[in-house]
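Those sequence lines, one after another, are chains A and B. If you're matching positions, the first sequence starts at 1 in full-length UniProt numbering and goes up one per residue. If you're matching positions, the second sequence starts at 1 in full-length UniProt numbering and goes up one per residue.
Because the hints were derived from the structure by calculation, they are not lab data. Heads up, some of the hints might be wrong.
Computed, partial: chain A to chain B, Cβ under 8 Å [to be verified]:
1) R85
2) K86
3) L90
4) D93
5) A95
6) L96
7) Y397
8) E444
9) A447
10) A454
11) V456
12) D457
13) D458
Covered stretches of chain B, going by a simulated chain A footprint (3 or more residues, C-beta under 8 Å) [unchecked claim]:
14) 172 to 178
15) 271 to 285
Even glycine gets a Cβ: it sits at the ideal position worked out from N, Cα and C.
The lines below spell out each chain.
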Amino acid sequence: MPPSTCLWTLTQRSPETAVRFLSKIHPQVVYFSTSQARYANPSPKKKTMTAAPKRGTKTLNTKKGRSAAQDTGKRPAPGDRKQARKRIVLTNDNALAVASLKDMDKADTTSETSQGQVLGIPEATVDALRAVEAFKTTQGWNLFRRPATLMRKETIELAKVMNEAEGQKRTLRRILSGERLSGKSTLLLQALSMAFVREWVVINLPEAQDIVNAHTEYAPLPDSQPTQYTQDTYMANLLGQILKANSSASNPFLAKTQVTANHTLPVALPANASLKQLIEVGIVSPEASWPVFLALWRELTQPGRPPIMLAIDGTAHVMKESDYLNAQVKPIHSFDLAIVRHFIDHLSGAKSLPNGGVVLAATSQSNAPKTPALDFSIEVAEARRVNPNNIPRWNPYKNIDPRVMEAFKDLHSPTAENGAGGVNAMDVIKVGGLSKDEARSIMEYYAESGMLRAKVDDGFVTEKWSLAGMGNIGELERASVRFRI
Amino acid sequence: MASISRCYVLLSRRCPLRPPSPYVAPKYTPQWQRPFSTTPSRAAGGSEDAFTPGKPPQTEGAAALRSLVEDLKALDPDVIEDAIRKGRDGIAWTNTDTNEIDNDEWAIQEEDTRRVGFWGEGEESLGKDEDYYGDDLTSLGHGELEQHRELREYARLIAWELPLLHQLARPFELPTAATPFRFRYTSYLSESHPAINKVVVEFSPSDMPNLSPAQRAKLIKLAGVRYNPSSDIIKMSCEQFDTQAQNKRFLGETIAALLKEAEHGKDLFEDVPFDFRHHKPKVRHEFPKEWILTEERKKYLEEKRAQTLQLEERKANNEGLVDGKLIVETSLPARMPEPDMAMVGGPRGGRL
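Bound conformation, chain A alone (with noise of 0.2 Å):
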């Protein structure tokens, strides 16, 4: 409690002096308003100030990446997991050397004695396919010590076909179907081989997806109507491909052949050039490159030449609208992009090769977009095999891309052929199941390698070849070589 003097010398001063003394002592004006207070700067945060822990107590750290081990393995360099992803292993050195392996020969394809036969790729082949990307990830080519595919009918058939446009000079077009693992993409590079093997000039779109995801860069084609385009760097690499797969050792035709006609090219040719130098031309300038594949076809058409194997793998994805865009920002049709055309043409029918060839089509199940068009196509052409007056109606109410449907006019229209008369131009390869003798001839070479560690008796081959699906050879082979126990 204050002492009483403390009022009693307020009364002592003066009323000025008083008032000054007031406001000293009531600094603080205390207004009724609150909005002062209330639209102040936010205080900043006072940090609280807490005592670190005990030694020896546990705390809780929510916080993120305080305490997370990092890994300090060394992460792989730009590229590695692609080309591992990417890699081709054709050997397997802890296989055994079948010793009754015969290598493929020309007399091989052109004869049916072959038939159920594993035979052996020769090894300048396998360089060529390898340069022609027709070896794929997921076949099962690193678990033997050699390349060597089994001679089963569709691969006799597809002989057939070859022996026919080689003799005949026709231009003789298929399409492989069939389920999924039932050997179209092995059997479109058996037909490679064989091509390799009777010395054709191979000309392969390994995946069709890769032209038409728009990878690869694109420009229209000048004086096209309606217009084209061109992707020169996809161009260049295929020309590579086309030079390095057709110039093995023994068969140097495109050293040897020299460029006959006059090409009007962007690029200066050297004079008596050769294919090949005309190829490496194409190569080292992309943008010339349109204009040297044309000059390359255009002397592969000319009388004399060897026939020419033209082939696709994945065919469904150039079966629709690519991702490319157009001026108008408007999808490009892959029947746009030049190189699809070039090859639409010949699989069309629209154009044909003169000194004869087979166009080969694959189609995939593991990865292909939906194609109502080539579906029916297929579907029609197998059905009219069964039986002719059986054939099954477009479904008008399916979303119908009509410039498939008119490439596929001579697999799907009233008036095809039905194979009466001989080889038909255009028709269906339908991949299969193996028969018995086939399935126990590859498991036969399954055990020689190694990989089957069993008596291949006729019970056992009946056992896997039921268990793949009548004869699978992509189940079969999981059957016995690759989910062995």
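Position chain B against the provided structure of chain A, taking the given hints into account.
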């Protein structure tokens, strides 16, 4: 010796606890007792042909009708009411129970002065409330009894009345070409249900007279998803109106409009393909004939197996089967036996 209250107890026992069922068997003895079975009795001899199932003979039918009328008369509510009244009045004092009361001088005929009770309020027919002496059954017991009565009631119905329905049966007649529409109405047996007014009609476009193939195709296209291509039937329904008759009329008008458009419309929609995407035909897998294990097939399979076995044996003897295990074992490099290692200078710790 019985008191007045005891007298009332006996009286209350004699009264029915619940209003009597309307289905009381008639008290009078009918002249003709209807047999339990409704199968008409057959006369012996040559009158067999008189009992054709479709058309009963005149006399039989008349007798049946007469009996039906009598039965129904017996069920007439007036008669029932009368019987109930009589029955109630006719409950006489039975001698067994009331002997002592009759003899008792304390038996006083007294007016019932109780007021109309809770149950009789506003409904005199229920009578006055009964006295309760705490000796009644539980409500659960009454429930059991009630259930039993109900079951017996239905048993009586089944025994006596349902067979009468047979007299109303009519033989089935196939629909003719003049009646191509099949209507379906739904009854929920006097229960209320939202779908009572619904009417469904089915008809086949092929049954429509005077339609050319093109017109029929147009009718099918107009019917859209209501057409079933497997059965070739158009099915339409209507429940937008309150009564069945209105809904049926709407359906009839719709069909008439469809037929008129199909028949007389200018455009036949020939450029429009049939659209049956709404219909997924049911796939029925049948066991293949070739797979049936007949005697011949069994024999063939036996022979084939024996043949393959023979071939297999011959191959094993001549060339030898490929045995993966054997191949791996023989082609691995032979393991050399490890030599016993011996110390050069003899074992340590030996004698110097």
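Taking the hints in turn, this is what the structure says about them:
Hint status for R85/A relative to chain B: violated, with the closest Cβ pair at about 31 Å, above 8 Å. Proximity of K86/A to chain B is violated relative to the hint, the smallest CB-CB distance being about 32 Å (cut-off 8 Å). A distance limit of 8 Å between C-beta atoms decides the matter here; for L90/A the minimum to chain B is near 21 Å, and the interface restraint is violated. Given hint, D93/A at the interface with chain B, is violated; its Cβ is 13 Å from that chain's nearest Cβ, farther than 8 Å.
Using the Cβ-Cβ criterion of 8 Å, the hint placing A95/A at the interface with chain B is not satisfied: the shortest such distance is roughly 10 Å. Because the beta carbon of L96/A sits about 5 Å from the nearest beta carbon in chain B, less than 8 Å, this interface hint is met. For Y397/A, the interface hint holds, since its Cβ comes within 8 Å of a Cβ in chain B; the closest pair sits about 6 Å apart. Checking E444/A against chain B by beta carbon gives a least distance of about 4 Å; that is within 8 Å, so the hint holds.
With a cut of 8 Å, the hint placing A447/A at the interface with chain B holds, because the nearest CB-to-CB distance is about 4 Å. Given the 8 Å rule on beta carbons, the hint for A454/A holds: about 5 Å separates it from the nearest Cβ of chain B. Taken as an interface hint, V456/A checks out: its beta carbon lies about 5 Å from the nearest beta carbon of chain B, inside 8 Å. The interface hint given for D457/A holds, since its Cβ lies 5 Å from the closest Cβ of chain B, which is under the 8 Å cut-off.
Checking D458/A against chain B by beta carbon gives a least distance of about 5 Å; that is within 8 Å, so the hint holds. Check result for the region 172 to 178 of chain B against chain A: violated, 0 residues qualifying (beta carbon to beta carbon below 8 Å, three or more required). Check result for the region 271 to 285 of chain B against chain A: holds, 3 residues qualifying (beta carbon to beta carbon below 8 Å, three or more required).
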